[in-house]
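Asker: I would like the entire structure built from these sequences, with the hints used as guidance.
Going down the list, the sequences are from chains F and P.
Just so it is clear: in the first sequence, position 63 is 63 by my numbering, and no numbers are missing.
Convert by adding 241 to the 1-based position in the second sequence; the result is the number in my numbering.
Please note that the accuracy of each hint is not assured.
[Claimed, not checked] DSS-like mimics (lysine-lysine), calculated; alpha carbons at most 27 Å apart, straight line:
#1 P:K261 to F:K71
#2 F:K131 to F:K112
#3 F:K131 to P:K358
#4 F:K72 to F:K8
#5 P:K454 to F:K72
#6 P:K400 to P:K290
#7 P:K454 to F:K131
#8 F:K112 to P:K373
#9 F:K202 to F:K112
#10 F:K158 to P:K358
#11 F:K71 to F:K125
#12 P:K454 to P:K400
#13 F:K174 to F:K20
#14 F:K158 to P:K373
#15 F:K125 to F:K202
#16 F:K235 to F:K202
#17 P:K400 to F:K72
#18 P:K358 to F:K71
#19 F:K235 to F:K215
#20 F:K215 to F:K8
#21 F:K174 to P:K358
#22 F:K174 to F:K235
#23 P:K454 to F:K8
#24 F:K117 to P:K373
#25 F:K71 to P:K290
[Stated by the list, open to error] Which chain F residues stay away from chain P? Per the calculated CB distances, all over 10 Å, these:
#26 P15
#27 E76
#28 E164
#29 G199
[Claimed, not checked] FRET-style restraints, in silico, Cβ to Cβ:
#30 F:H196 to P:P307: 53 to 63 Å
#31 P:K358 to F:K8: 46 to 56 Å
#32 F:G39 to P:E301: 55 to 65 Å
#33 P:L376 to F:D57: 31 to 41 Å
To be clear, the hints were calculated from the coordinates, so they are not data collected in a lab.
Every residue, glycine too, gets a C-beta built ideally from N, C-alpha and C.
One-letter residues, chain by chain:
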Amino acid sequence: MSFIEFRKTSKSFGPLAVLKEVDLTIEQGEVVVLIGPSGSGKSTLLRCINGLETITDGDLVVDGLSVTGGKKQLREIRQEAGMVFQQFNLFPQMTALQNVALGPRKVRGLSKEAALKKAQELLDKVGLSDKGNHYPSELSGGQQQRVAIARALAVEPKVMLFDEPTSALDPELKQEVLNVMLQLAREGMTMIVVTHEMGFAKQVGTRLIFMEHGKIAVDDDPRTVIDTPPNARMKDFLSHV
Amino acid sequence: MQVDMSIIIDFIPQLIVGSKVTIYITVLGLLGGMAIGFFAGLMRAYGGKFANTVAFIYIELIRGTPIVVQVMFLYFALPVLASIRIDPMSAAILAIVVNAGAYIAEIVRGAFLSISKGLTEAGLAIGLPHWKVLLYIIGPLAFRRMIPPLGNQFIVSLKDTSLFIVIGVGELTRIGQEIMAANFRAVEIWTAVAICYLIMTGTMTIALRIVEKRMRML
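Answerer: Written out as structure tokens, the structure is:
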């Protein structure tokens, strides 16, 4: 069985079908880059994996656990799938260190000291050793997003889901976030990334998936797709990102 | 008749007794009101259809009727309906509990729902159960936003206790009325009563300001 398996997975919001019988398997160690026009279902696909969206038909299995398997099972999936959001969503009343330590402490049940130690190690890893005591409002967008990555990693997930992690950042700050993501990919982390950063896809992507109208239109090696787009639609799309 | 504020001095002990009763009703009433308000507010915000409807009916029932009618009902109608006799003081406290609870429920609901949905998702995404997300993340943020409207409700409830004169509870307004009936010093007595209320509401306002300042508004 594959690590992540979409089996004729469908998702609709009322009458609007966002995902249409998607079949997709992802193995551990892959770095999958998801692209597509807005409304094509790429964010929804990502959010179905950790159950932030409830699938309406078919099945979706993550590491042997189905997202339809009830609350407890869903929580287990969420501990295995860290998520990074476009808007960072750091907890504003907590310092960077507290943000990162919350998961280890309240989800993994570590002691306060152990959780804070782990949080500090992760802040070191994302290059924010000296920002532990800063509140999110005192950090730049790029720094906030790196704290958010550390927060997701703190729960020791097997896969990281990135939902347009650099779209809210200006070009300079984008790079510091991308560097952390590149490092993660090189360490062998399984990643699924919704992004328009083609440079990232080329550098570390193992698969590029182009979505359109709730379906997977192209699924191939990133370098092949970017250098020689398989069709006119793909070529047109890539010329705009 | 001349206005002579110095006559008030003789009545200060009585006014203090009345103020104490007012404070007693307010504090106990608001403690209960907060408990019910939080419960009903969370039922409205996160409850299933049934819980939501129950809370909704409670809130609309209370907000749609005057507090005087509510306390009259508790004191005079309840004994007839259910053979439950309660003394005026209990009826007064219960009236504040039930009344403030309904308004606080709406404050609680509004504050919780005003916190960005993204934060709830971030909490769920790290694997926390929903109740822990509310307890550790959303609750503390919502609480900060509740302080100004809660302060407002506290002051309204304190002043509402004056209406319990209708069931004969010996609170401040009732004491004022009794003193008045004896000496007809309307200007002096009602001025003194008003000042007593101002001191109580003023203290409350200052206390809430301090709490507000101590918390980082986020």
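Asker: Now tell me, hint by hint, if it's right for this structure.
Answerer: Comparing the hints with the structure gives:
no.	hint	result
1	P:K261 to F:K71	violated, 50 Å
2	F:K131 to F:K112	holds, 19 Å
3	F:K131 to P:K358	holds, 26 Å
4	F:K72 to F:K8	holds, 23 Å
5	P:K454 to F:K72	violated, 40 Å
6	P:K400 to P:K290	violated, 35 Å
7	P:K454 to F:K131	holds, 25 Å
8	F:K112 to P:K373	holds, 17 Å
9	F:K202 to F:K112	violated, 40 Å
10	F:K158 to P:K358	holds, 25 Å
11	F:K71 to F:K125	violated, 32 Å
12	P:K454 to P:K400	holds, 25 Å
13	F:K174 to F:K20	violated, 32 Å
14	F:K158 to P:K373	holds, 23 Å
15	F:K125 to F:K202	holds, 23 Å
16	F:K235 to F:K202	holds, 16 Å
17	P:K400 to F:K72	violated, 48 Å
18	P:K358 to F:K71	holds, 19 Å
19	F:K235 to F:K215	holds, 18 Å
20	F:K215 to F:K8	holds, 11 Å
21	F:K174 to P:K358	holds, 24 Å
22	F:K174 to F:K235	holds, 25 Å
23	P:K454 to F:K8	violated, 54 Å
24	F:K117 to P:K373	holds, 22 Å
25	F:K71 to P:K290	holds, 19 Å
26	P15	holds, 22 Å
27	E76	violated, 8 Å
28	E164	holds, 13 Å
29	G199	holds, 26 Å
30	F:H196 to P:P307: 53 to 63 Å	holds, 60 Å
31	P:K358 to F:K8: 46 to 56 Å	violated, 29 Å
32	F:G39 to P:E301: 55 to 65 Å	violated, 39 Å
33	P:L376 to F:D57: 31 to 41 Å	holds, 34 Å
Going down the numbered hints, you'll see the structure goes against 1, 5, 6, 9, 11, 13, 17, 23, 27, 31, 32, while the others check out.
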